[in-house]
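From first to last, the protein sequence lines stand for chains W and V. The opening position of the first sequence corresponds to residue 7 in the numbering used here, with each subsequent residue numbered one higher. The opening position of the second sequence corresponds to residue 5 in the numbering used here, with each subsequent residue numbered one higher.
A portion of the hints provided could be inaccurate.
[Said to hold, decoys possible] Derived DEER-like restraints, expressed as beta-carbon distance ranges:
no.	chain 1	residue 1	chain 2	residue 2	range
1	W	A17	V	A266	31 to 41 Å
2	W	E19	V	Q486	57 to 67 Å
3	W	A17	V	P483	52 to 62 Å
4	V	Q486	W	T34	54 to 64 Å
5	W	F38	V	I431	52 to 62 Å
6	V	Y296	W	E19	21 to 31 Å
7	V	L481	W	E19	45 to 55 Å
8	W	F38	V	Q29	44 to 54 Å
9	W	A17	V	A33	31 to 41 Å
10	V	P25	W	T34	35 to 45 Å
11	V	D323	W	T34	27 to 37 Å
12	W	F38	V	G377	43 to 53 Å
13	W	A17	V	A332	21 to 31 Å
14	V	Q29	W	T34	29 to 39 Å
[Stated by the list, open to error] Using 25 Å as the maximum straight-line C-alpha spacing, the simulated SDA-like pairs for lysine to any residue come out as follows:
no.	chain 1	residue 1	chain 2	residue 2
15	V	K47	W	T32
16	V	K47	W	D77
17	V	K47	W	E19
18	V	K295	W	D28
19	V	K48	W	G15
20	V	K295	W	R27
21	V	K47	W	N51
22	V	K48	W	D28
23	V	K327	W	R14
24	V	K48	W	D31
25	W	K26	V	D31
26	V	K216	W	M11
27	V	K273	W	A16
28	W	K66	V	I301
29	V	K216	W	I10
30	V	K173	V	D132
31	V	K219	V	K273
32	V	K55	W	Y23
33	W	K49	V	D394
34	V	K295	W	A17
35	V	K273	W	Y23
36	V	K47	W	R27
37	V	K47	W	A55
38	V	K30	W	G53
39	V	K48	W	T34
40	V	K47	W	G18
In short, the hints are calculated from the structure, not lab data. Every residue, glycine too, gets a C-beta built ideally from N, C-alpha and C.
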Amino acid sequence: MANIMIRRGAAGEYVFYLPKRDLEDTITSMEFDQADKWGGEIKLNNGGAYYVDPMPAPPKLPISVRARRMDAAE
Amino acid sequence: MSALTREETEALIKEVLEVYPEKAQKDRAKHLAVNDQSVEQSKKCITSNRKSLPGVMTIRGCAYAGSKGVVWGPIKDMIHISHGPVGCGQYSRAGRRNYYVGVTGVNTFGTMNFTSDFQEKDIVFGGDKKLAKIINEIEGLFPLHKGISVQSECPIGLIGDDIEAVSKKGAAELDKPVVPVRCEGFRGVSQSLGHHIANDSIRDWVFSRDGKDVKSEFVPGPYDVSIIGDYNIGGDAWSSRILLEEMGLRVVAQWSGDGTLAEIELTPKVKLNLIHCYRSMNYIARHMEEKYSIPWIEYNFFGPTKIAESLRAIAAHFDDKIKAGAEAVIAKYQPMVDAVIAKYRTRLEGKRVMLYVGGLRPRHVIGSYEDLGMEVVGTGYEFGHNDDYDRTIKEMGNATLLYDDVTGFEFEEFVKKVKPDLIGSGIKEKYIFQKMGVPFRQMHSWDYSGPYHGYDGFAIFARDMDMTINNPCWKILTPPWQKKPEAEAIAKAA
Ligand code: SF4
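In isolation and in its complexed conformation, chain W is listed as follows (with noise of 0.2 Å):
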């Protein structure tokens, strides 16, 4: 598990960032992105790939959660 913390890019698209190996990257996909569901699979442009529990409704950004990396970047 790892600390992450999402927010949102100048052009409104989701931030991936792991403060742990200062790690920035734009997130490519996410598997949940509605009204009543946020989270699930996060896919970053790097080829990572993360695991966020999800949440029942989109919360304010920036958020730092927990995550459970799937597919390590680099």
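Add chain V with the ligand to chain W, keeping to what the hints say.
Positioned in the frame of chain W, the structure of chain V with the ligand alone reads:
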């Protein structure tokens, strides 16, 4: 010499790498690249923020340098104790030229060196008692200080001193913040982790004390902003601040050049955080965005093109009054910019520059050079990360050289082959290249000049570059006995 093609640059990298043993070759190859603007992600072409190879000459610093030297050091009304042996603090003292106003030794302490001067017995028996004593001595000798930070040097982490406990006790006795910073030099691969640790210590020990947010009487206004990541080198923050104020914003805090503890404490109340040095201060900006909902933007005050772009981008976060203000500022300085460019562009047009600086300027200063008609043909970071290179690829021309954590050897070889008209790097590189006869400017400390930020800074920047490149001394570097006979004959005839 015209620009190198992609193939030539690739061949150059190969040639330079040839002298290394196979393993080192493989490792260093990952840190050298030919720029390709079509690449979206720097990771595909260049690796960064990795441990330097033993045996190669690296130009990096340590985590203590990142925390004490960069982030904490310039906060002028606090006393920063270099906790450990005397050398780390003394040899880095006042070297960064973070200008400030105040009476040194009375209410400001920027250029002074405070150290616990560890001896053998402190290593053997621990230095906590000594630290507690120093904290009390400081209070007695310098009663006007606003707080203390404890900057750990290597031994502190090794002998397991509990500086947090001592700091807490000291803070309670003094009723002033005492901030323990775990920035021992061995942490991380470069000074970059020191920035991060320092940012985190501000978050944990300045923004909140004992888990509670700091209270203040401050009345926030609608146009409050903070300048973050400007260290006021040669007065940089001052020449930036006036532009923001002229456009109608109120600058509440300067981090950390000419900054004070009070300014840092007020920052969570601003409307927008303006980040100049992204590499050293993005951490705290991210934290404030999450905790206090303060948006942040990166800006660039090097060269008129980028200044105008940045002023407009900043204004876009505010109402029409500020937007009109930004336009007025740009218009006001345009005649001055035109005059500077008219004077220097003809003297500098087409000159080629190679840069190798810390964590921000390798991309930020490109605009300044381009505004003068110059071309940056190679750039690299001492301690940049992937996100820095992501941002650099777009700024640099195609087929230019990128080098991460370049070694002394590689840098020299690149310069011999690329033959730039100017190199911008640090003091450690300066004399090597000057002796090779290549014009050189220090781009960390502005070669004791500055400021280079803002419109006023651009005028000084242009003058300095001209003064260096067109200095007649570069033509008289060949000693008489090495001059070719024809050249002599021509000289005699003339
Ligand atoms: S690496 Fe350690 S000993 Fe060396 S300057 Fe940094 S803190 Fe001091």
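So, going through the hints one by one against the coordinates:
At roughly 36 Å, the beta carbons of A17(W) and A266(V) sit within the given window of 31 to 41 Å. Between E19(W) and Q486(V), the C-beta spacing of about 60 Å keeps the proposed range 57 to 67 Å intact. A C-beta distance of roughly 58 Å is found between A17(W) and P483(V), which places it inside the suggested range of 52 to 62 Å. At roughly 60 Å, the beta-carbon separation of Q486(V) and T34(W) lies within the given 54 to 64 Å, and the hint holds.
For F38(W) and I431(V), the hinted distance range of 52 to 62 Å is satisfied, since their beta carbons lie about 53 Å from each other. The beta-carbon spacing between Y296(V) and E19(W), approximately 23 Å, falls within the hinted interval of 21 to 31 Å. Distance hint check: the CB atoms of L481(V) and E19(W) are about 52 Å apart, consistent with the given range 45 to 55 Å. Roughly 46 Å separates the CB atoms of F38(W) and Q29(V), a value that falls within the hinted 44 to 54 Å.
Range check, A17(W) to A33(V): about 34 Å between beta-carbon atoms, so the 31 to 41 Å window is met. Distance hint check for P25(V) and T34(W): the Cβ-Cβ separation is about 39 Å, which falls inside the suggested range of 35 to 45 Å. About 35 Å separates the C-beta atoms of D323(V) and T34(W), a value consistent with the hinted range of 27 to 37 Å. Take F38(W) and G377(V): their Cβ atoms lie about 52 Å apart, and the range 43 to 53 Å holds.
Evaluation of the 21 to 31 Å hint for A17(W) and A332(V) yields a pass: the beta carbon distance comes to about 28 Å. Checking the proposed 29 to 39 Å range against Q29(V) and T34(W) shows it holds: the Cβ atoms sit about 34 Å from each other. Taken as a hint, the K47(V) and T32(W) pair is honoured in the structure, with Cα atoms around 13 Å apart against an allowance of 25 Å. Distance restraint check for K47(V) and D77(W): the Cα-Cα separation of roughly 16 Å lies within the 25 Å cut-off, and the hinted pair is therefore satisfied.
Taking the CA atoms of K47(V) and E19(W), the gap is about 20 Å. The hint holds against a cut of 25 Å. For the suggested pair K295(V) and D28(W), the alpha carbons sit about 19 Å apart, so the restraint of at most 25 Å is met. Of the pairs offered as hints, the one joining K48(V) and G15(W) holds, with about 22 Å between alpha carbons and a cut-off of 25 Å not exceeded. Straight-line distance between C-alpha atoms of K295(V) and R27(W) comes to about 21 Å, which keeps the hinted pair within the 25 Å bound.
Restraint check for K47(V) and N51(W): the C-alpha separation of about 10 Å stays at or below 25 Å, so the hint holds. The suggested pairing of K48(V) with D28(W) holds, with an alpha-carbon distance near 17 Å, which does not exceed 25 Å. Of the pairs offered as hints, the one joining K327(V) and R14(W) holds, with about 24 Å between alpha carbons and a cut-off of 25 Å not exceeded. Between the alpha carbons of K48(V) and D31(W) the distance comes to roughly 13 Å, so the proposed pair stays at or under 25 Å and holds.
With a C-alpha separation of about 23 Å, the suggested pair K26(W) and D31(V) falls inside the 25 Å cut-off, and the hint holds. Note on K216(V) and M11(W): the hinted pairing holds, with a Cα-Cα distance of about 23 Å set against a maximum of 25 Å. As the CA atoms of K273(V) and A16(W) are separated by approximately 22 Å, the hinted pair is consistent with the 25 Å bound. Taken as a hint, the K66(W) and I301(V) pair is honoured in the structure, with Cα atoms around 19 Å apart against an allowance of 25 Å.
With a CA separation close to 24 Å, the supplied pair K216(V) and I10(W) stays within the 25 Å bound. At roughly 11 Å between alpha-carbon atoms, K173(V) and D132(V) fall within 25 Å of each other, so this suggested pair holds. A threshold of 25 Å between alpha carbons decides the hint, and for K219(V) with K273(V) the separation of about 11 Å falls inside it, so the pair holds. Our distance criterion of 25 Å between C-alpha atoms is met by K55(V) and Y23(W), whose separation comes to about 21 Å.
At roughly 18 Å between alpha-carbon atoms, K49(W) and D394(V) fall within 25 Å of each other, so this suggested pair holds. Taking the CA atoms of K295(V) and A17(W), the gap is about 22 Å. The hint holds against a cut of 25 Å. At roughly 24 Å between alpha-carbon atoms, K273(V) and Y23(W) fall within 25 Å of each other, so this suggested pair holds. About 14 Å separates the Cα atoms of K47(V) and R27(W), which keeps this hinted pair within 25 Å; it holds.
The hinted pair formed by K47(V) and A55(W) meets the criterion: a straight-line CA distance of about 16 Å does not exceed 25 Å. Between K30(V) and G53(W) the alpha-carbon distance is near 23 Å, which keeps this suggested pair within the 25 Å criterion. For the given pair, K48(V) sits about 17 Å from T34(W) by alpha-carbon distance, which is consistent with the 25 Å threshold. About 23 Å separates the Cα atoms of K47(V) and G18(W), which keeps this hinted pair within 25 Å; it holds.
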